[in-house]
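K.L.:
Here is what each chain is made of, one letter per residue.
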Amino acid sequence: MLRKLWPSNGKYRLLLLFALIVVVAVASIVYGRRDKLPSLQAMGIAGPVPQFAPVLEGTAWQAGGIDGEGFALAGDSAKYSLLLEPKTSQLVVLDKTGGYKWRSNPSPEQLKQETVKGALLENLQSPFVAEVVVAGQTRRTMLSTLTKGLTIDYVPIGDAGVQATYTYEKEKLSFVIQFTVTDRGLEAAVPSDGIRESGDYWLYSLQLLPYFGAVPAGGEEGYLFVPDGPGGLILYDRQRPSVASGYEFPIYGDDPAHVNYDENMQAQREQIAYPLYGLRRGDRAFAAIVKEGAYTAKIKAVTPSNSSRYHSIGVSFGYREEYGRKVSGITKETVKAVRKERTAEDRRVEYRLLSGEEADYVGMAHTYRDYLQESGQLGAPLAATDRVPLMLSIIGGGNKPQFGRSGYEAATTFEQAERIVRDLREAGVANMSVIYQGWQNSGHTYTDKRFPIVSELGGEKGARRFAQSMRELGVPVLFDDYMAWKDESHSSFYKKTDGIRGIDSTVLSGTGDAFIVNPVKAVRQQKLVVDALKKIGIDGIHYVDGPGSIAFSDYRSNAPLTRGDTVHYYRELLDYVREQLGTAGVQRGEQYALGHADYIEELPHSSSRDFIVDETVPVYQIAVHGTVAYSTAPGNLRDVYEDEMLRAIEYGAIPSFTLTYAESRVLKGTDYQDLFSTEYAVWKDRILEDYDSFDRLAGVLHQPIADHEKAAEGVYVTTYEDGTRVTVDYNTKQFGVEGGRSE
Amino acid sequence: MFGRIRKDLAVKAIACMLLLGLWAPQLASAQLPYYTWYNDLNAGNIRTQPIYVPDRIIDGNGMEGALSSPGDIYIADDDHVYIADTGNNRIVELNEKGEYVRSIGHEEGPGKLTQPEGVFVAEDGTIYAANTGGQSIVLYAPDGSFLREFKKPEATALTADYHFLPTKIVADRRGVMYIVVKDTFLGLLRMSPEGEFTGFFGANKAKLSWLDRLKRALLNEGQLAREIAKQPNPIQNATLSDDGFLVTTSSGKASDGQIKKLNAGGFDAFGNKEFHQDNLVDTAIDRNGFLYGLNRNNIISISVYDPTGEAVFYFGSTQKGARQLGITDYGISIDINSANELWVADNASNLIQVFKRTSFGDTYMTASHLYFEGDYERSRSYWEEVIRQNGMLNIAYNGLGKIALHDRDYAAALDYFKQSNDPEGYSDAYWYIRYEWLKNNFLLAVVVLVAGIWGVSFGARRLSAFVRKRSWPPLVRRYAGELRDALYLMFHPYNGFYRLKDRNISVAVIVFLLALAVAVHIWSVFASGFIAYPYDLGEYNLPLSLAFLIVPWVTWVIANYLVSTVKGGEGRFREVLQASTFAIVPYIVITIPATILTNFVVLEEWIIIDLFRQAMWIWIIVLFLVMTQVIHNFDFTEAIKNAVITLLTIGVIWVFATIISGLVYNFYDFIAQIYREVTFRA
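Residue numbers (this note's numbering), protein chains in the order written: chain A, 1 to 743; chain B, 1 to 682.
Source of the hints: derived by calculation from the structure; they are not laboratory data.
You may find that some hints are simply not true.
Stated by the list, open to error - Dumping the calculated SDA-like pairs for lysine to any residue here, alpha-carbon to alpha-carbon at most 20 angstroms:
#, chain 1, residue 1, chain 2, residue 2
1, B, 356, A, 730
2, B, 356, A, 731
3, B, 182, B, 115
4, B, 418, A, 269
5, A, 684, B, 384
6, A, 684, B, 45
7, A, 4, A, 16
8, A, 36, B, 678
9, B, 320, A, 269
10, A, 733, B, 362
11, B, 356, A, 714
12, A, 733, B, 55
13, B, 418, A, 663
14, B, 97, A, 668
15, A, 668, B, 388
16, B, 356, A, 16
17, B, 320, A, 259
18, B, 97, A, 238
19, A, 496, B, 110
20, B, 151, B, 200
21, B, 152, B, 110
22, A, 668, B, 200
23, A, 298, A, 131
24, B, 418, A, 665
25, A, 668, B, 419
26, B, 356, A, 259
27, B, 356, A, 642
28, B, 97, A, 731
29, A, 668, B, 678
30, B, 356, A, 641
Stated by the list, open to error - Have a look at the derived ranges for each label pair, beta carbon to beta carbon:
#, chain 1, residue 1, chain 2, residue 2, range
31, B, 273, A, 116, 42 to 48 angstroms
32, B, 359, A, 404, 36 to 42 angstroms
33, A, 404, B, 273, 30 to 36 angstroms
All of these numbers come straight from a predicted model, not from anything done at the bench.
Just so you know, even glycine gets a beta-carbon here, dropped at the ideal spot from N, CA and C.
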């Protein structure tokens, strides 16, 4: 049989042999490149389950008694009634106790003084502004409830409110908005299933309630609240440079999958970390929480300028994005295009109305904290502690050029790290944790070539001994790791197959070889890391890059991921790490990571320094304090030493330092060379000094912040639940702690 | 030349790092919208903590109307700030905190300004306004009342097509005015206190490329006239320093001296040096002579120069539609007050940005100031503090080195200079160490030297006697003989190479000599004194340096054999190979003592090392020449001819090698892409 198949002709024999070799080679390549990562099931992680809110069907809503301005009662709760003007869908939320009216739009009297005309005037009278594009084009036109050819159908939602269906005849476009009144205020939702695009027009974006509670120029006290950094206030009636009349930024920053890294070169700024905005006028205020659809939403604040007389703030939901489509692989030229598919996500924003004492940014923070707690997004309260924990980042070392090649240079071996910890313990630092960095085999940051642990540091054996002695000392040890961005030369992933795809469906490319690894693959790989670290006896992983600091989509055609999906996997991973090792730490700690991390490094603590933002306030800190330990900039890497120390005290942070045992210069040429001063011997005294300062706040670490105020120029007071008052004076560079448990 | 390349690279490096900042979250805390870079001594740019942080903006609140296109900012000795509020036709005065004091020149009547773009305040309080729209200079008394107005002066040098559009103005102690006039290459217009034209001042000179020079040499006058005239950079701005120098700023690449520090005679203290920033618009100078240049470069916006004009720090950023503190849109003017705050006027955003110096900035600037003053003793504590706050900077170690040198602590100085990659300082310190050692041990040194020489020669004689007495195995004898021939050849090339003809030198000896050459090279890198490689040795690219030695030698062997065969040379390949190996013996013999010597000479004596090296290379070249002649039995001219052709052949081989490797790489890439495509689809 075999003999029959073996060709007699030498030429054919050769050909057959060659074919056999090719087949074997291809097979071995395919086999070698098979998916070797652990499965999600092995980690107990399930995929995200999309859920969509239902669109109500039913009998049309009958407007009851209509008041002088044309409003009819549309919903009722214990504290508020919802009034609706059927023609334009304008809303009024009536506070039953005081009779105060929150309006979705400027009142008719205010409109009479209006100087703008046309579409701008129409928008002022509409509870939403929708942007649409014609299929295949990028020019956007605006639709409001005053646009011609609109029909509105109302369906009641029980007693709580109404569902409005807006149908544009010419555009053959319709969508649904549900308005309900609650005991807290107003909730507005845009169900994804309610959107119909039956013609050529595509829904591009939807600004929901852009003028809710808008404050006209001149005369009123208060501010707009924007979530810039820890929180920012825009005061009314300030003279501003024309560039600074607006604030419009995406929640959780730009989606990296939408950014063209070749072109975009911009100043650094703090991306929005939590989906909250607000407005204060006199002794009234609202806090609006974007509960659903935050990943594709922008927060937009406007101050009076040529196009509007109002201070207003709202949320704009994006359904499609404009992007530059590459024309060919050779040139970098792009053509502007709008994504065809619509983002399928429900959108929901809740306006919580505040009055009296609570009508300020602290009240907004408190109601936001309540929301987080109710929805189970906040971590459990921290245990009370006598001594404040010190967060010690220790840099092992890194690769640097050596004689024309690259070689590892150790800055802190495991043994030296132990020496630092023991030395600090003896000097009086009673409570600390260690994050060990630079242990990865490749000697670089943004890597996933991790094992075996660098031998110059002591290798796995050294790590084990270190973990053992730290356990004896009661000091938890976390190893740092990177999840999202990778450099191809230090990664086991293949950029082309494992990198996420951008909106133009090509593999996303940062500078050089940089790419973002698909989150599912990255999460699956983490099982190997967790298993290995568990064997060594490490207590947790601190993610420098990934969960808590970056959320992105992946536009791969076979298994696309939204930002929400990525966040889902990242959250599941954090839970897995906590379950397996005990502790998980993240950078920045954006809202979606709360409750899944035990430590947040550099919780947003400084603003983007926008001209438009007049004051920076610790709203995010007020919302999360007492449920998670967080730090600001490491003590030895502060830009302005004393001020940032005081800010950390004011914001209720724990002390942190980033250290090496060797002199700082050892890190020159490594990926850590921007850390300008890290030598332990240089910093020891100041660490102890800082520790003593922070230790005065140990008793309030587990408590919520009750109040925060500016007592005088440069003097701020943070009050905790038990009445402890922390007064920070930036003029004299002093701070004081009074009241509470300590007295 | 080299410095220039390094600078350009440095700027590119900044751009790259900035881009990196985009995709990588910062390991160091990034709390400012911009980065600060330090141009380190002998090391290029590194990122540091900020020396200036944006503190506040002056945006027109409480100023009787917001600023409109501010054109100039001037801070007087009492720290009051004067702004040429161009769009509002006025001069605005603010107090030292930035609070509004008054407006000048906006009222109807004499002294009404139109579009003033420049302002200056003399020591006596007289306010000078460059009234650009009104084409005049207007003077006001300290109380703001109109004094007098100067129109375009009458002078034959100022022709009708010279438009008097003054944009900036300074006046010296005598009241002589130096006026920046828009769009002129003639320099500053100098005007007497009475308004008479007294000449142009400080004009830039166009930089000529070699092509321009060639044209000038070859073309006649008529042809030259048809060429587009090379125009120098126009002066953008002028500032008066405390010690009476006039600092001019020009932007563009057409001439050097983007910043000039001119004395009354027009002499540039910086010697028309090229500043590697061609978007400079204004310069501020502080009491200590440090300069702060304002750029319209999108990577940085402010560059700080030390009193010698060397760039030290870069920070800030420029962006269209800037909306953050610290980012300028269209910076136009910069000045510094007595608290070392930098005030920057932004013409497009209509506001003033104020930058505050950080404590690190203060420490660094003080240390650096004392360093340039030569007050090493006082600078010590500052440098130590700089090192505590930033352990990466070479200059701090250099400063400490100079202090140690001053204190005669030469060993410490040596170490500090080594840390800061400074061969000059190292050499100075070493000179003292050597001097002191010799002073104390001269006699001993002489005795040891004499005894050593005697001992070595005695030992050598005894050794050779011992060697001769014993009988050796034939192989060892053969190797020894061949090695002796190699040494003999060094000094008797013709005879030496004759001995090699028609003879096979053992492979072992050839390999041994080649390996020895490589080993000696590697050893020389590590054993050389610091002055030979004045940087972190880790940065030395050993494989590359070896390639620079080995590749030419290998191609020489091949090319020489090929050429000689074609040209009728007698040498076989084996002969060419062994002769070429013997020809590099001087490299081994001379590198060893030269390397040892590098540990004992100072920079001034470096010529000895250079002489050694040059002699060595000449020697090797001569040997190669003689080899070509003898091995192939050419006459002298033939040998020269063949050597030249061999060199050309080497070039051709390299070109081919480059092309082939390029093609091979392309082919490999093609296969790799197909492989990727297949695996991606699979």
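K.L.:
Check each numbered hint from earlier against the structure, then list the numbers of those it violates in ascending order.
P.N.:
4, 6, 14, 16, 19, 22, 26, 29 and 31
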